[in-house]
Amino acid sequence: MLELSGISAGYAGAQTLFDLSMRVEAGEAVAVIGANGAGKTTLLRVISGMLPARSGSMTMDGVSLRDSPPHRIVETGIAHVPESRRLFPRLSVESNLKMGAFIPAARARFRERLDYVYGLFPRLKERRSQLAGTMSGGEQQMCAIGRALMSGPKLVLLDEPSMGLAPVVVQQVFDLVRRIRQEGYTVLIVEQNVRQVLKVADRGYLIEVGRIRAGGTAAELLASDAVRDAYMGI
Amino acid sequence: MDCQLDIFFLEAILNGVLLAGLLALLALGLNLVFGVIDVVWICYAELVMIGMYAIFYAYTGGVPFPLAALLGILAVAATGALLHWVVIRPVLDQPPINQLLVTGGVLFFLQAVATMAFGIEFRSLGIRLGSTGFADMTFAWSRILAFVVALAGMLALWIFLSRTFLGTAIRAIAQDRQIMPLMGVDASRIYLVTSAVGGGLAGLGAVLMVLQYDIYPQIGLQFGPLIFMICVLGGLGSMAGGFVAAFLISQFIAVGGSCMATEWGYAVAFLFFMVAIFIRPQGLFGVRG
Ligand SMILES: Nc1ncnc2c1ncn2[C@@H]1O[C@H](COP(=O)(O)OP(=O)(O)OP(=O)(O)O)[C@@H](O)[C@H]1O
Ligand SMILES: [Mg+2]
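Line by line, the protein sequences are chains A and B. Numbering-wise, this note's numbering comes out as the position in the first sequence, counting from 1, plus 27. Numbering-wise, this note's numbering comes out as the position in the second sequence, counting from 1, plus 633.
Hints may contain errors.
Said to hold, decoys possible - Derived coverage of chain B by chain A (criterion: at least 3 residues anywhere in the stretch with Cβ under 8 Å from a Cβ of chain A; other residues may be distant):
1) 713–720
2) 810–818
Said to hold, decoys possible - Listed below are the simulated SDA-like cross-link pairs for lysine to any residue, each with C-alpha atoms no more than 20 Å apart in a straight line:
3) A/152 with A/142
4) A/181 with A/50
5) A/152 with B/796
6) A/181 with B/796
7) A/181 with A/98
8) A/181 with A/93
9) A/181 with A/90
10) A/152 with B/795
11) A/181 with A/146
It is worth saying that the hints were derived from the structure and are not from the lab. Source: prediction; values computed, not measured. Backbone N, C-alpha and C define an ideal beta-carbon position, used for all residues, glycine too.
Could you put the whole structure together from the sequences, leaning on the hints where they help?
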């Protein structure tokens, strides 16, 4: 479904991703793990077009993503739930969901999508008129995921959905991720919560300073020395 | 000083309310643009002036007034979009002072163009709508019409912003510009639409003013500062704040002007403004420091 090959990217001054190749197949949940500053967020930003790649190729269902302007990437079926959620705090929950359905294809089926997301997350329906910024962290993450689903995506990019949440809520957020997997969405998820995310994911990649250090099934990664040494505290 | 709580005092208050509608409408356009794009259109009143001339020439050229009014609105909307594309867009990431100065430059440019092209004479459409009255009070129909149309215009904008996808995007982009591409939104297009809507509001203001006031190239100087004062008093970028401030300031102008001389009305209004922002620098509804 998604294929990256030889991707390099960075910000003014420093290069952040080096010759990075990876793939995500339809129906999979793939985890990207790595320390702070490894380049995980940068990777998702490159995929969703927020940050242009410097070199390499990137295709979604065989169509190159590097030729599209950032706001056209959603239309290829990629929805990005950004780091720290980035809801529109002074818009209602429902207006946030409406923004998720901005692209023409989703707009035409807005009511249908809204009922679908409300069915999936009834809490959002209860809170539909509340300002998004006044909800709890867990509810906000639910809203951010709901907003992404409004576009009718095939692939959902999740950037540290458990960040900044209490342990009980972290559990609930991973349950949400399981829910959207069951709904048939393909998932690419960035997490520092390695143990949890490898329970949800089929496969994963370990990134270190902008390069893929290891890759494999969740079980392989859990057993690998690289992951055990760095992230499991064992 | 001649102020009594008589029927003329009530008349002044009601005239203040009528004036507030127009001022609130004008403040709304400026606030919309600032709230969304974060740029102050110093030349805002000059856009209104351009609209007034457009309506004048269309009407005196034989176009029926309603159509001339529509043309005026569209002309200013297009000017607003053009202003954004040509002048604002290149300095979007520059310090606010640069943005202020370029739109200030447009102010002088538009005044110069109007003086050269239209002359310094006072122009008037010559439409007399007359007045109505009850209980010894008289009210000009042009003012009543301006009030009603301004309220309708603001209501229409509110519906547009709260109900439509485009309107929701305009509100959203004011809160987080960077993630708009993730919503499939082309931010530059939203800015263009916002500028056109802001211009359209100035154009509607021009329609209502052209029925009440004479047109001349410097007319913007007469009400421009008032509009900025209302926006700052309400809290720059706050549409609700601008609405409330317009009603407050209009009372000072109308009642102050009726008790003393008209010029004093403006002076009292500015005095109130200075005291108010001394107490609340961010404005009545402002959130920015
Ligand atoms: N806007 C930016 N401008 C310049 N450098 C940046 C910017 N954003 C990130 N970087 C740098 O790029 C590198 C990778 O950052 P990135 O945010 O991708 O890491 P991350 O793996 O997501 O980290 P975290 O787990 O803390 O979220 C870091 O060295 C960071 O300082
Ligand atoms: Mg990150």
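Structure-based check of all given hints:
1. 713–720: It is violated: at least three residues are needed, and the region 713–720 of chain B offers just 0 whose Cβ sits closer than 8 Å to chain A.
2. 810–818: Held - the region 810–818 of chain B has 8 residues with a Cβ nearer than 8 Å to chain A, which meets the minimum of three.
3. A/152 with A/142: Given that 20 Å is the threshold and the Cα spacing comes to 9 Å, the pair holds.
4. A/181 with A/50: Status holds; Cα separation ~15 Å.
5. A/152 with B/796: It holds: about 18 Å lies between the C-alpha atoms, which stays within 20 Å.
6. A/181 with B/796: Not satisfied, since the Cα-Cα distance of roughly 28 Å exceeds 20 Å.
7. A/181 with A/98: With Cα atoms ~16 Å apart, residue 181 of chain A and residue 98 of chain A stay inside 20 Å; holds.
8. A/181 with A/93: Holds, at about 18 Å.
9. A/181 with A/90: With a Cα-Cα distance of about 14 Å, the restraint between residue 181 of chain A and residue 90 of chain A holds, given a limit of 20 Å.
10. A/152 with B/795: Given that 20 Å is the threshold and the Cα spacing comes to 18 Å, the pair holds.
11. A/181 with A/146: Cα-Cα ~19 Å, so holds.
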